[in-house]
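Using my numbering, read the sequence shown as starting at 893 and increasing by one per residue.
Please note that a few of the clues may not be correct.
[Said to hold, decoys possible] Lysine to aspartate or glutamate pairs mimicking DMTMM-like chemistry, simulated, CA-CA at most 25 angstroms apart: (1) K938 - E998; (2) K981 - E962; (3) K1032 - D1003.
No wet-lab data here; the hints were simulated from the structure.
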Amino acid sequence: MYGEFSRRRFMKQAGLMAAGIGVGLAADSLERAAAQTPQQVSANEKLVAGFIGMGGMGNSNLGDFMRCPEVRVAAVCDVDERRRLAAAKRVGEGCDAYNDFRRIIERGDIDFAVISTPDHWHALPSIYACEAGKDVYCEKPMSLTIREGRAMCDAAQRYGRVTQIGTQQRGGTHFQRGVEVVQSGVLGRICLTRTWIIGNGGSMGWPQDSDPPPGLDWDLWLGQAPYRRYNPARCHGSFRFFWDT
893 MYGEFSRRRF MKQAGLMAAG IGVGLAADSL ERAAAQTPQQ VSANEKLVAG
943 FIGMGGMGNS NLGDFMRCPE VRVAAVCDVD ERRRLAAAKR VGEGCDAYND
993 FRRIIERGDI DFAVISTPDH WHALPSIYAC EAGKDVYCEK PMSLTIREGR
1043 AMCDAAQRYG RVTQIGTQQR GGTHFQRGVE VVQSGVLGRI CLTRTWIIGN
1093 GGSMGWPQDS DPPPGLDWDL WLGQAPYRRY NPARCHGSFR FFWDT
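From just these sequences and the hints, can you work out the full model?
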């Protein structure tokens, strides 16, 4: 099932999976476990994690789970060699680094997958993980399309897996407390709210298409997305500016 990567076969399989539409997504919060007072946990009792996607959110999630005494990180995966090797070094001894996420899925010793890839790569790793008996923590948004999201729900329900979509500023206790205060009525009727955002990045510019840099598997980065030549403005964090990723 997890053989050599073929773009054409992969896209066909993606379409078949997305056609299996269902509803229902079990959810439980690992964040609460990380917030508890650390306790001594034997190696045999620890949950074993595999991380797929080691960009900004992947590394943020990695740090959070490394602080959780109930979790051991056994493997990391990224199509960018530089990123996966840096993540494996951060974890230390006993952490394997893979280019292909299916190497993590096929391992019987890994209990759950943490998926922090670009959005177009959320659905299939999540579905594969559920099929393989693994629980899933997947970054937001859940999927690139509604159809993919329904297929993910169906897989979680069909295989009885625990899954969670990691939406920041929803699970934190301080945000929950804020909601409780507003809903309690102690502040009276809320007539006006103001929001703002800071930290916007600079322009991507208009770089030319080029060959991918050494160590980056561009075909696997694209996956089921429409084929595009490599462009540094499209890859890694900049994927958010494009509809098809």
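*Which numbered hints turn out to be false for this structure?*
none
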